[in-house]
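Asks: Single-letter residue listing:
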Amino acid sequence: MPDSPRLDPGLSRRRFMSLSGQSLLALGATAVAAQLIPVTLLADEALPELPAGLLRMGRDIYPHDRLNDLHYAKPLAELLAKQPELIADGLGQLQASAAQRHGQSFEALAVESDRVALLRAIETGPFFRAVRSALMFGLYDNPALFPLFGYEGSSVEKGGYLARGYNDLDWL
Amino acid sequence: MAAKFAQDDGDVVVIIGSGAGGGTLANALAKQGIRSVVLEAGKRYQMKDLENDEWAMFNKISWLDKRIATGGWDVAQNHPNLPAWIVKAVGGSSVHWAGVALRFRDFEFRMRSENGAIAGANLLDWPLSYEELEPWYVKAEKHMGVTGPSTGMPYHQWHNSFKVLAEGAKRVGYQEIQSGPMAINTQAYDGRPGCLQIGFCMQGCRIGAKWSTLYTDIPRAEASGHCEVRPQSMALRIEHDARGRVNAVVYADAQGRQQRQRARVVCVAGNSIESPRLLLNSESATFSDGLANSSGQVGRNYMTHTTAGIYATLPKPVHMYRGTTCAGIISDESYNDPARGFVGGYRLEVLSLGLPFMSAFLDPTPQGWGRAFASKMERYDHMSGVWLCGEDLPMEGNRITLHASEKDQYGLPVPVVHKDDHAFDVAMREHGVAQTRKCYEAVGASEVIRLPSYPASHNMGTNRMSARAADGVVNKWGQSHDIPNLFVSDGSQFTTSGGQNPTLTIVALALRQAEHIGTLLNQRAL
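Sequence lines, in order, name chains A and B.
If you count the first sequence from 1, position 47 lands on 47 in our numbering, and the numbers rise without skipping.
If you count the second sequence from 1, position 97 lands on 97 in our numbering, and the numbers rise without skipping.
Rather than coming from a laboratory, the hints here were simulated on the basis of the structure.
From a predicted model like this one, the values you see are computed outputs, not experimental measurements.
Take these hints with a grain of salt, some might be off.
Unchecked claim - Going by beta-carbon spacing under 7 Å, a handful of chain B positions derived as facing chain A:
1. N52
2. N160
3. P366
4. K376
5. Y380
6. W477
Stated by the list, open to error - Partial pick of chain A residues on the chain B-facing surface, computed with a CB cut under 10 Å:
7. E123
8. Y140
9. E152
10. L162
11. Y166
12. L169
Where is the CB? At the ideal position from N, CA and C, for every residue including glycine.
Between the sequences and the hints, there should be enough to build the whole structure, so can you do that?
Replies: Structural data, given as structure tokens:
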């Protein structure tokens with residue numbers, strides 16, 4: 001089990017962040033993205049510890065290149081705390097498959113389609129389903145991320161959209 | 001002042017369920033001075049508890065007790081323990097409904113006569129006609145506040161998503177394009193405000209612009225002094241006397257203790273899974289196949305409407321979540337035209353999903369992840385979507401049964417909800433998806449995505465009306481053929497589904513039934 005959660009406590013923040021393939025500077029370049037940089041990140045607070053393979057898997061399940069790793073890591077860390085055995089066993093098997101087929105760890109596989117093929121093979125299993133479900137809520141039911149998808153969330157406290165563009169479409 | 005009735009008061013009408021059927025019935029009986037006890041399985045929430053949050057409301061109000069979906073329908077694969085998306089709370093599914101208030105069309109009451117026997121379908125005419133129901137539709141529309149002629153309330157302004165769909169529909173030649181009728185106020189009506197285009201209609205209207213029994217019929221029935229509503233009261237079985245007349249309902253209260261309310265009349269309005277389930281669970285030495293089941297039709301002919309979700313990605317932003325969830329209807333296909341390869345009709349109804357629900361329903365299959373999925377989600381604000389609502393043929397094998405061994409928290413057998421498509425259902429769905437695609441492509445859609453069916457919010461037919469006792473469970477008044485003081489007051493009495501959202505018809509039938517029960521009580525016939 002090369003990459004079980006318990007065997008990889010020392011995942012560095014630097015490495016953790018590098019997985020997103022982007023820099024904070026680039027993220028800050030646009031106004032929209034600026035809203036998305038979590039305060040905790042800017043304040044240099046500790047990020048959740050997470051096996052790199054699990055984070056890589058999460059980013060491959062719902063690959064939004066604009067999203068920072070932290071948004072994946074938070075729900076995955078919660079899942080890991082809730083179901084440590086399921087995740088450790090599942091990730092162990094994923095790493096074993098990666099090693100067997102490619103001689104590398106899952107997160108080290110550079111070609112996305114190689115990783116996706118390994119994930120497709122386990123997509124009906126409980127481990128994959130748990131990770132997918134945690135991220136579905138963590139990414140798409142996360143008000144902090146709504147603006148990135150062009151969604152505005154709760155509106156009643158703003159008086160709805162009667163005077164705020166419910167029928168403002170003018171490009172037809 | 002809400003009444004409080006004794007458990008041994010055998011003179012009350014006991015109504016099981018407080019939604020569009022039960023809640024309406026309680027209020028309509030109260031207006032005649034008829035006393036009722038409403039047993040509602042769910043909790044009581046207030047308007048302030050209704051949040052603009054899809055998952056929070058789903059978890060708060062949905063009926064999440066275990067059910068098992070089987071058969072060939074999408075739902076059995078994608079939502080094996082959630083066949084139906086309905087509500088367990090005071091107000092029932094009238095909290096969740098989107099407000100589309102369509103009447104059945106004339107021909108939809110006589111599908112058997114119009115189309116003859118259809119192999120594989122258990123098709124039957126309703127024992128009542130459109131003409132008989134029409135005045136009750138008018139009363140229901142006034143009662144609920146439905147936009148259009150009955151109230152004089154204007155239809156809703158077209159919101160962005162409907163503008164897109166409607167323009168596409170026009171370009172492919174459709175003509176019946178309208179943003180209603182909706183039971184959502186466009187101006188103040190009946191003590192409730194006009195719509196603020198908040199969205200989140202299906203999470204419960206936070207301001208009460210949409211009709212729901214939660215804040216209309218239920219409190220008004222209570223205020224009359226003739227009605228007591230007991231939340232967290234799950235009906236376990238209906239009992240009967242030696243003559244075979246029902247006389248009490250046994251239920252579990254909030255603490256799980258068994259209670260027994262005596263009754264002069266029992267009205268079952270628990271929606272089309274729980275209502276037949278209760279009748280089946282009430283089997284006795286006299287009624288060994290369950291109550292009201294001499295026909296063997298209790299639980300059978302389960303219908304959900306023939307449905308699909310279709311979402312298009314448009315060239316520019318739409319922001320479909322702004323405004324009502326469902327106020328936009330294309331009706332050109334809602335006629336009986338067998339030349340299309342199926343019978344009955346369907347409507348195309350605009351339907352918005354928030355980002356959280358879109359992620360859950362865009363592709364709930366095991367394959368629904370990866371870059372293709374994520375890139376669709378990144379175009380969320382460019383989407384517009386439709387829900388197909390079409391006639392769903394009754395089939396005897398589509399039915400609610402009791403699981404042989406598995407029990408729920410009340411100790412009752414878990415309901416098994418089995419459904420297969422009829423070949424005509426499949427043909428209609430394909431037709432509807434193709435027509436929707438044409439509409440959206442006519443306004444430049446780059447991608448049209450077909451979603452599998454959602455868990456069913458429209459559930460019908462499992463205690464159906466029939467002229468002959470051998471063909472169904474209740475007569476044209478919703479009264480059991482077998483047991484005269486037992487009524488069915490929800491959508492389970494539908495003989496066929498029609499291609500129309502069911503709530504308006506449920507309310508019209510409940511108003512009509514209330515008057516009939518009043519007449520029978522005055523005649524000492526019950």
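Asks: Hints first: check each against the structure and report whether it holds.
Replies: Hint by hint, here is what the structure shows:
1. N52: Nearest chain A Cβ about 4 Å off; hint holds.
2. N160: Cβ of N160/B sits 4 Å from chain A, so the hint holds.
3. P366: holds, 5 Å
4. K376: violated, 11 Å
5. Y380: Where the cut-off is 7 Å and the nearest Cβ of chain A is about 5 Å from Y380/B, the hint holds.
6. W477: violated, 40 Å
7. E123: At 5 Å from the nearest chain B Cβ, E123/A passes the 10 Å test, so the hint holds.
8. Y140: holds, 4 Å
9. E152: Hint on E152/A: holds, closest Cβ of chain B at ~7 Å, below 10 Å.
10. L162: holds, 5 Å
11. Y166: holds, 4 Å
12. L169: holds, 4 Å
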